[in-house]
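Per my numbering, residue 1 is the first one in the sequence shown, and the count goes up by one each step.
Derived from the structure by calculation, the hints contain no laboratory data.
Where hints are given, some of them may not hold.
Said to hold, decoys possible - Below, in silico cross-link-like pairs of lysine to aspartate or glutamate (EDC-like), each with a Cα-Cα straight-line distance of 16 Å or less:
| id | residue 1 | residue 2 |
| --- | --- | --- |
| 1 | Lys127 | Glu109 |
| 2 | Lys119 | Asp95 |
| 3 | Lys127 | Asp77 |
| 4 | Lys119 | Asp138 |
| 5 | Lys7 | Glu34 |
| 6 | Lys7 | Asp43 |
| 7 | Lys7 | Asp77 |
| 8 | Lys7 | Glu108 |
| 9 | Lys119 | Asp77 |
| 10 | Lys127 | Asp138 |
| 11 | Lys119 | Asp94 |
| 12 | Lys7 | Glu96 |
| 13 | Lys127 | Glu108 |
| 14 | Lys119 | Asp79 |
| 15 | Lys7 | Asp71 |
| 16 | Lys119 | Glu96 |
| 17 | Lys7 | Asp95 |
As the list claims (entries may be wrong) - Label pairs and their in silico Cβ distance ranges:
| id | residue 1 | residue 2 | range |
| --- | --- | --- | --- |
| 18 | Glu8 | Ala47 | 14 to 22 Å |
| 19 | Ala55 | Asp77 | 31 to 39 Å |
| 20 | Glu96 | Ala47 | 14 to 22 Å |
| 21 | Arg63 | Gly133 | 27 to 35 Å |
| 22 | Asp138 | Gly31 | 38 to 46 Å |
| 23 | Arg16 | Asp79 | 15 to 23 Å |
| 24 | Arg134 | Thr9 | 29 to 37 Å |
| 25 | Gly120 | Pro19 | 29 to 37 Å |
| 26 | Ser107 | Val86 | 15 to 23 Å |
| 27 | Arg30 | Arg134 | 39 to 47 Å |
| 28 | Asp67 | His38 | 31 to 39 Å |
Keep in mind it's a predicted model, so treat the numbers as computed, not measured.
We put the beta carbon where it would ideally sit given N, CA and C, even for glycine.
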Amino acid sequence: MKRELPKETFARRLVRRFPEFQRAYQDHLRGYGELVGHVFFGDTLNALLFSLLEASENPGMIRQYMDFVEDMYANGDGDVQNIVEVTILERLGDDETVLRNAFTYFSEELMLASQSIEKGWGRRDIKIWHRGGRPMYDWAWPPERTDA
1 MKRELPKETF
11 ARRLVRRFPE
21 FQRAYQDHLR
31 GYGELVGHVF
41 FGDTLNALLF
51 SLLEASENPG
61 MIRQYMDFVE
71 DMYANGDGDV
81 QNIVEVTILE
91 RLGDDETVLR
101 NAFTYFSEEL
111 MLASQSIEKG
121 WGRRDIKIWH
131 RGGRPMYDWA
141 WPPERTDA
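Based on the sequences and whatever the hints tell you, model everything.
This is the structure in structure tokens:
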């Protein structure tokens, strides 16, 4: 059974698991008076994850952050899933290299979510299939146009 945890739970988990975000969390709460999920996760987790994926360095740290994003998507409520889709996946898709690097860490669920987002924005047509029980992927850049 899927758990539907709120953004506040994930913010607290983030700062417990990654103490480097503790100060940003406290500053955010002081500044906004409440947790604004898209802003907080965008300014903290997503900003660092994007830069690590862009440089394609520190795969162990990328894996830890990506596991956290996976947990948010799998166990978060609708608001948390929206944060993952809109704030994290859409931003990763702003840069082809970053998204390609991210796909090497994504579960099939995040691949499918990213596929839907990229298609919706008309940025990429990502194909996902299975080989040997594992999800595989590739995409055309840019999507093929049929309005010629």
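Hints and how they fare:
Of the pairs offered as hints, the one joining lysine 127 and glutamate 109 holds, with about 14 Å between alpha carbons and a cut-off of 16 Å not exceeded. Distance restraint check for lysine 119 and aspartate 95: the Cα-Cα separation of roughly 15 Å lies within the 16 Å cut-off, and the hinted pair is therefore satisfied. Distance hint between lysine 127 and aspartate 77 is unfulfilled; the C-alpha atoms sit about 27 Å from each other, more than 16 Å. Simply put, lysine 119 and aspartate 138 have alpha-carbon atoms about 13 Å apart, close enough for the 16 Å limit, and the pair holds.
Between the alpha carbons of lysine 7 and glutamate 34 the distance comes to roughly 11 Å, so the proposed pair stays at or under 16 Å and holds. Only pairs whose Cα atoms come within 16 Å are accepted, and lysine 7 paired with aspartate 43 is accepted, the gap being roughly 15 Å. Straight-line distance between C-alpha atoms of lysine 7 and aspartate 77 comes to about 8 Å, which keeps the hinted pair within the 16 Å bound. Distance restraint check for lysine 7 and glutamate 108: the Cα-Cα separation of roughly 23 Å exceeds the 16 Å cut-off, and the hinted pair is therefore not satisfied.
Using a Cα cut-off of 16 Å, the hinted pair lysine 119 and aspartate 77 is violated, with the two alpha carbons roughly 24 Å apart. Restraint check: the Cα-Cα separation between lysine 127 and aspartate 138 comes to about 5 Å, which is no more than 16 Å; the hinted pair holds. Straight-line distance between C-alpha atoms of lysine 119 and aspartate 94 comes to about 13 Å, which keeps the hinted pair within the 16 Å bound. Between the alpha carbons of lysine 7 and glutamate 96 the distance comes to roughly 28 Å, so the proposed pair goes past 16 Å and is violated.
A threshold of 16 Å between alpha carbons decides the hint, and for lysine 127 with glutamate 108 the separation of about 12 Å falls inside it, so the pair holds. Restraint check for lysine 119 and aspartate 79: not satisfied, since their Cα atoms lie roughly 22 Å apart, outside the 16 Å limit. Between the alpha carbons of lysine 7 and aspartate 71 the distance comes to roughly 12 Å, so the proposed pair stays at or under 16 Å and holds. This hinted pair checks out: lysine 119 and glutamate 96 have alpha carbons roughly 14 Å apart, not beyond 16 Å.
Taken as a hint, the lysine 7 and aspartate 95 pair is broken in the structure, with Cα atoms around 26 Å apart against an allowance of 16 Å. The given range of 14 to 22 Å is respected by glutamate 8 and alanine 47, whose C-beta atoms sit roughly 20 Å from each other. Checked against the hint of 31 to 39 Å, the pair alanine 55 and aspartate 77 passes, with Cβ atoms roughly 32 Å apart. The beta-carbon spacing between glutamate 96 and alanine 47, approximately 19 Å, falls within the hinted interval of 14 to 22 Å.
With their beta carbons about 21 Å apart, arginine 63 and glycine 133 fall outside the hinted range of 27 to 35 Å. At roughly 42 Å, the beta-carbon separation of aspartate 138 and glycine 31 lies within the given 38 to 46 Å, and the hint holds. Distance hint check: the CB atoms of arginine 16 and aspartate 79 are about 20 Å apart, consistent with the given range 15 to 23 Å. Evaluation of the 29 to 37 Å hint for arginine 134 and threonine 9 yields a pass: the beta carbon distance comes to about 31 Å.
Glycine 120 and proline 19 have their C-beta atoms about 36 Å apart, which keeps the hinted 29 to 37 Å range intact. Take serine 107 and valine 86: their Cβ atoms lie about 18 Å apart, and the range 15 to 23 Å holds. Checked against the hint of 39 to 47 Å, the C-beta distance between arginine 30 and arginine 134 comes to roughly 45 Å, which is consistent with it. Checked against the given bound of 31 to 39 Å, the beta carbons of aspartate 67 and histidine 38, roughly 21 Å apart, lie outside it.
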